[in-house]
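Each chain is listed here by its residues.
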Amino acid sequence: MSKPHPLVTAMLYGLLTIGAVIALLPFVWVLLGAFKSQAEIMAAPGAWLPRNFTNLANFLTLFTERMFGRYMANSLLVSAATVITNVLFATMAGYALAKLEFPGHKLVFGCVLAAMMVPYVALFVPQFVIIVQMGLVNTLTAVVLPIAVMPIGVFIMRQFADSVPDELLEAARLDGAGEFTIFFRIFLPLVGPAIATVAIITFLNSWNYFLWSLIVAQNQETYTLPVGLAVASQGARSTEYGLLLAGAIVVLMPVLILFLFLQKYFVQGIAGTGIK
Amino acid sequence: MQQPSRWRATTAWLFVVPFMTIFVVFTAVSAMLALIYSFTDVGVADIRRPLEVDFVWLQTFTRVLTNPGFLKSVWTTALFVVIGVPLTMAIGLALAIGLNSGITKLRAVYRAAFYLPFITNIVAAAVIWQYAFTLSGPVNSFLASLGTAGPNWLGDPRMAMPTVIMLAVWRNVGTCMVLFLAGLQSIPLDVYEAARIDGATAWRRFTAITLPLLKPATLLVTVLMTVSFMNIFDEPYLLTKGGPLSSTKSVALWVYEQFGQGNIAPAMAGSYVMLAIVVILGVLQLRLLRVR
Chain F
1 MSKPHPLVTA
11 MLYGLLTIGA
21 VIALLPFVWV
31 LLGAFKSQAE
41 IMAAPGAWLP
51 RNFTNLANFL
61 TLFTERMFGR
71 YMANSLLVSA
81 ATVITNVLFA
91 TMAGYALAKL
101 EFPGHKLVFG
111 CVLAAMMVPY
121 VALFVPQFVI
131 IVQMGLVNTL
141 TAVVLPIAVM
151 PIGVFIMRQF
161 ADSVPDELLE
171 AARLDGAGEF
181 TIFFRIFLPL
191 VGPAIATVAI
201 ITFLNSWNYF
211 LWSLIVAQNQ
221 ETYTLPVGLA
231 VASQGARSTE
241 YGLLLAGAIV
251 VLMPVLILFL
261 FLQKYFVQGI
271 AGTGIK
Chain C
1 MQQPSRWRAT
11 TAWLFVVPFM
21 TIFVVFTAVS
31 AMLALIYSFT
41 DVGVADIRRP
51 LEVDFVWLQT
61 FTRVLTNPGF
71 LKSVWTTALF
81 VVIGVPLTMA
91 IGLALAIGLN
101 SGITKLRAVY
111 RAAFYLPFIT
121 NIVAAAVIWQ
131 YAFTLSGPVN
141 SFLASLGTAG
151 PNWLGDPRMA
161 MPTVIMLAVW
171 RNVGTCMVLF
181 LAGLQSIPLD
191 VYEAARIDGA
201 TAWRRFTAIT
211 LPLLKPATLL
221 VTVLMTVSFM
231 NIFDEPYLLT
241 KGGPLSSTKS
251 VALWVYEQFG
261 QGNIAPAMAG
271 SYVMLAIVVI
281 LGVLQLRLLR
291 VR
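Protein sequence lines, in the order shown, are assigned to chains F and C.
Using the UniProt record's numbering, the first residue of the first sequence is number 1, and each one after it goes up by one.
Using the UniProt record's numbering, the first residue of the second sequence is number 1, and each one after it goes up by one.
Rather than coming from a laboratory, the hints here were simulated on the basis of the structure.
Everything numeric in this text was worked out from a predicted model, so none of it was measured.
There may be inaccurate statements among the hints.
Below are the DSS-like pairs computed for lysine-lysine, each with C-alpha atoms no more than 27 Å apart in a straight line [as the list claims (entries may be wrong)]: (1) C/Lys72 x F/Lys264; (2) C/Lys215 x C/Lys72; (3) F/Lys264 x C/Lys241.
Between beta-carbon pairs, the in silico distance windows are [claimed, not checked]: (4) F/Met42 x C/Lys105: 23 to 33 Å; (5) F/Ala57 x C/Gly102: 32 to 42 Å; (6) C/Gln261 x F/Gly178: 28 to 38 Å; (7) F/Leu168 x C/Leu219: 53 to 63 Å; (8) F/Glu65 x C/Trp57: 49 to 59 Å; (9) F/Ala57 x C/Arg287: 54 to 64 Å; (10) C/Ala195 x F/Val28: 36 to 46 Å.
Every residue gets a Cβ at the ideal spot worked out from N, C-alpha and C, and that includes glycine.
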């Protein structure tokens with residue numbers, strides 16, 4: 001394309017910059033409050049910079065008095081478990097759907113699509129009833145179970161598996177390799193990037209998972225970080241903005257760090273499928 | 001091995017069993033359960049004995065469909081969709097076009113910035129917004145420095161809805177942008193070149209080339225955003241708990257509240273009404289966008 005008019009270019013940069021400022025504004029706001037004491041915020045709620053950025057009292061209070069260490073451990077445990085189960089089971093299912101002909105594969109794929117489309121609002125109440133029947137209320141297992149194999153992961157793995165040439169697998173079969181050997185020794189090493197994408201999407205989903213954790217893990221011992229923060233923000237001390245904003249930073253940090261290093265996979269994951 | 005293809009089919013089923021188990025229990029059975037329970041009077045006391053409920057058939061549905069609170073939440077959700085979806089899509093499209101228009105400097109920075117809200121934890125974002133939009137918070141003190149008094153963003157029934165929608169738009173724009181950008185990048189550049197040689201204006205090129213060729217992406221984004229805004233829960237729950245005066249109470253929030261009060265059957269019936277609307281709208285959208 002030929003170069004656009006300088007005025008057009010200037011307008012484009014203007015548009016994009018305004019967009020970027022709006023997108024980033026909350027990250028500025030959070031820095032304004034998280035390092036301030038309650039007294040400092042009450043004195044001037046709208047004031048800009050904190051007196052100093054080294055005032056870590058809010059963070060200390062969160063971890064020593066407000067059980068944020070526990071919430072953090074719970075969140076990490078839930079995320080680690082979901083990433084492991086999703087990567088393993090989604091890879092297996094995606095591979096089966098793309099590379100193994102079997103009766104019923106259309107049905108299974110239909111289930112994958114259906115699971116992606118059913119609105120969650122229609123499911124959380126009966127899911128809770130089922131969890132009660134299983135006797136798992138207020139356990140982290142209950143938080144993990146419904147998202148142990150997310151359809152989005154199966155979908156992504158199936159797309160990637162499709163691009164692995166059939167000849168490779170056939171050759172191994174002719175050499176007498178069993179189906180499991182083919183999967184673990186030949187297929188798995190070829191789909192590293194897809195596994196990274198699924199792992200990241202799963203981590204993101206489970207780390208940010210809110211409504212279900214809120215419903216199923218109702219005692220403080222089993223709160224995940226988002227639930228702990230939400231409960232704190234709605235309790236009697238809901239105006240302790242310094243503490244809450246520090247909590248927000250604690251919740252945001254792990255994902256931000258991952259995003260900085262692995263941006264490519266994040267964008268791939270969403271662009272390749274179009275679904276969260 | 002005598003029958004390799006049969007063994008292969010067995011392996012395949014072994015491989016899909018974990019997914020299918022979770023799907024059957026937490027999606028298929030759950031959806032059936034919700035439908036069946038919608039026709040009963042199941043309450044919180046019955047959760048532990050789910051087989052001993054009384055069927056009241058359409059009574060629960062009639063109760064829900066004549067409940068003013070529910071009808072108001074349907075109206076509120078419709079507002080969320082009608083305002084939120086086009087707004088999010090328009091901003092997402094504008095940003096995608098901006099990124100795709102041949103600028104080279106800072107492109108990766110802009111893209112990362114637009115994408116950041118999407119990965120931001122919604123609870124953290126809501127806490128930040130709550131602080132920013134308090135009566136004397138950063139937003140209003142900024143407005144004051146410009147010489148205008150800011151409104152009571154989250155406490156005024158007329159302002160709460162726009163504030164909640166702003167958070168939802170902020171959170172969803174990145175998704176739209178990424179998907180539109182992928183769509184834009186799939187349009188071959190020589191089509192534009194040919195149109196330019198034929199003397200087509202920039203606006204004409206946009207309406208005659210970009211928009212039609214962007215249809216698949218638009219379809220996907222429309223469906224995704226509609227579903228996302230119809231299910232809206234996190235933003236109003238976290239910012240306003242549905243208030244003030246129920247002005248931001250979406251259907252999902254109504255369902256959650258009924259569930260919290262132990263009215264299990266109305267909660268399920270309400271969610272099924274919602275599901276029906278989602279399905280009908282989804283089919284309609286697919287039809288409309290395909291036929292044209």
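Going down the list of hints, with the structure as the test:
The straight-line distance between the Cα atoms of C/Lys72 and F/Lys264 is roughly 43 Å, outside the 27 Å bound, and the hint therefore fails. Distance restraint check for C/Lys215 and C/Lys72: the Cα-Cα separation of roughly 34 Å exceeds the 27 Å cut-off, and the hinted pair is therefore not satisfied. For the proposed pair F/Lys264 and C/Lys241, the alpha carbon gap of about 36 Å is over 27 Å, so the pair is violated. A hinted range of 23 to 33 Å is violated for the C-beta pair F/Met42 and C/Lys105, which are about 43 Å apart.
For the pair F/Ala57 and C/Gly102, the supplied restraint of 32 to 42 Å is violated, since their beta-carbon distance comes to about 49 Å. At about 56 Å, the CB distance of C/Gln261 to F/Gly178 disagrees with the hint of 28 to 38 Å. A C-beta distance of roughly 35 Å is found between F/Leu168 and C/Leu219, which places it outside the suggested range of 53 to 63 Å. At roughly 53 Å, the beta-carbon separation of F/Glu65 and C/Trp57 lies within the given 49 to 59 Å, and the hint holds.
Between F/Ala57 and C/Arg287 the Cβ separation comes to about 58 Å, which falls inside the hinted range of 54 to 64 Å. Hint check: C/Ala195 to F/Val28, Cβ distance near 42 Å, so the stated range 36 to 46 Å holds.
Of the numbered hints given earlier, the model fails hints 1, 2, 3, 4, 5, 6, 7; all others are met.
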